[in-house]
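Let the hints inform the model, and build the full structure from the sequences given.
Keeping their order, the protein sequence lines are chains A and B.
The first sequence begins at 0 in numbering that gives the first Met the number 0 and counts up one residue at a time.
The second sequence begins at 0 in numbering that gives the first Met the number 0 and counts up one residue at a time.
No lab work stands behind these hints, which were simulated from the structure alone.
A virtual CB, placed ideally from N, CA and C, is assigned to each residue, including glycine.
Be careful, since some hints might not be right.
[Unchecked claim] Which stretches of chain A does chain B cover? Using the computed rule of at least three CB atoms under 8 Å from a CB of chain B, they are:
| # | stretch |
| --- | --- |
| 1 | 44-51 |
| 2 | 81-94 |
| 3 | 107-113 |
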Amino acid sequence: MPELVPPLPSSATLVAQNIAKSFASGRLTTPVLSNLSVSIDAGELTLISGPSGCGKSTLLSILSGLQTPDAGHVMALSESLQTMDSHRREAFRLHHTGFVFQGFNLFPALTAREQVRLPLQYLDLSSQEIDRRTDESLEEVGIAHRHHLRPAELSGGEKQRVAIARALAKLPALLFADEPTSALDAASGQVIIDLLHRIARAHGTTVLCVSHDPRLISHADRVLTMEDGRILNDSRQLTPHRPQDRRASC
Amino acid sequence: MVSLARKTLIHEWRRFLPATLAVGFSTLLQLLQAALVLGIFGGAAVYINDSSADIWIGYPGTQAIDLGRAIDGDVASLLDMNHEVTRVEPFYLLDGDWRGGHGTGGVSVYISGISTQPGGMMFARVLTPVLRAKLTYPESVIVDPADLTKLGVKVGGTAAINGHLVRVVATAPGLRALGGVDILASLQTARLLDSSAGEAGGPTYLVARLRHPANAGRVVADLNGHTGFGRYHAWTAPQFARRSVLFWLFNTGAGAGVLFLAVVVFAVGAIITSQALVAAVAASVNEYATLNALGVGRRQLRWVVLEQAFWVGACGVILASVLAGLLIWLAQSENVPVAVSVPVLSACLVLVMVLVGISGLMAMRTLRRADPATLLR
Ligand SMILES: Nc1ncnc2c1ncn2[C@@H]1O[C@H](COP(=O)(O)OP(=O)(O)OP(=O)(O)O)[C@@H](O)[C@H]1O
Ligand SMILES: [Mg+2]
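If you want it as structure tokens, here you go:
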């Protein structure tokens, strides 16, 4: 039974302390993040919003271990990302992290079902378990009936749902999404953000989503507003726009 | 199991078609080249391959069969003492100047003086017992039917070799060697025709048959370990055949040409294949980066590229093998000298797969661009 009340902010699964990041272009170094601390909780959808170029994506990539910060620490599921070598980080991502990107990044040659199966094959799972998880996550994103189609035959919203199913099938504790709706029309974007919200509730997943789309704010449990590499505002919504969960009984 | 490599190959076959064809054609060229070279230069070993001897004994350092020098006949007694040896035959290989009729002028020929005993080893695969017996008559010779016009004689006709009269008593197909005409005669006739008779007098080679041909290597080593029986060296028949073929291959410049062509063909094949693989990886670089973000290791991603290379190679090789088989069959039926040797052809195929592997390794470098951090912008 999915929990519908947001848990108390005691279950921080993602903690960043005093992280800093700057990029050098030529002789100029531009600081993007400076002395930023934040902790993100499980079981809710946290949205990072802010103007373009303020460092949202950079923060997401540091929190997810795709980039290393110049200073500071990131603890993900109580493990320090900085002390891992790249192999360990890959293994950590394989077991614990899902990603959804703005571009759907689906292989043109694979059907929706195969896209979802592919990463599961690298986990030590029986083929029955792979089949079960594939079917369940396709079902969960509501695309089971189109499982045999290739990306060229799917709409943008459907493609993003396949990408979510691909991330979801690994049953990750952490799910990162960078502008998951910005390539989609309003209605499809709505479906996607609802889906992410529902995943956070139903699986207790830590969902961290970056978007500059103000329409998504009402769907998030917590909104972090960024500007110039700093978090200006951290607001928690106790009654966010409920995900339209067909299966949730409320 | 979803094989990303195979699915992509099938779905985007147009992208991989040039690479497959490039691999196919370089394989086909290599295979045909190998078959032709084996066919043409195999002639250098015609005496060895047409005979049933297991061991050849000749002058030390003889590089090819046609370059033999007379050896001391004493070594025959060493062979007689060896329990493995069941039969020994001398073989004379001499140069001759043939004068036929009909204004053909002089033709250089090789004269083979062979045993006419029933069951003789020399040219056992070409001569029937009846033909061999015909050589017993003094001054009788046998030639390849294809050489008759060149020699200006007919069966039953006469000609002169080194000033001695000979009579063509029969023809036997399959005697043609590299760049020369081969004439078969008995040992006695050959010695009679020898223009340098008296110089050494011994046979050019001794050939021997063994009780157990599989032991040839050991017997040869044993024979070469003795001293005091004159200057000689023993080879197994395959060793000596290979020695002759290789000598011709590399001393006529043909070998260098063959190698040069092989390198060019392989280089072109490798470049086209790696380019196709690079393009395929580059087209999906974001998808590979996404897989990496989801935790699929770089090593596994490299395997996908290598698997793709393997399938491109496999398709090309199968295509080429079928075509080569057809063309070699066609060539054989048209009397073009082609020969098939399983080790050589397999070596060609292995080489092609190595080439394909190298292309795959080159294409792997494109995966470095698959950095998941670039997906977050
Ligand atoms: N690899 C890089 N090299 C140099 N500069 C970079 C790099 N990545 C990001 N930046 C810079 O860092 C700043 C923040 O980038 P980031 O992608 O985090 O912004 P963002 O908040 O996600 O913006 P948007 O809403 O447009 O996606 C930008 O000014 C960008 O130019
Ligand atoms: Mg961004």
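How the hints compare with the structure:
no.	hint	result
1	44-51	violated (count 0)
2	81-94	holds (count 7)
3	107-113	holds (count 4)
Hint compliance for this structure: hint 1 is the single one not met.
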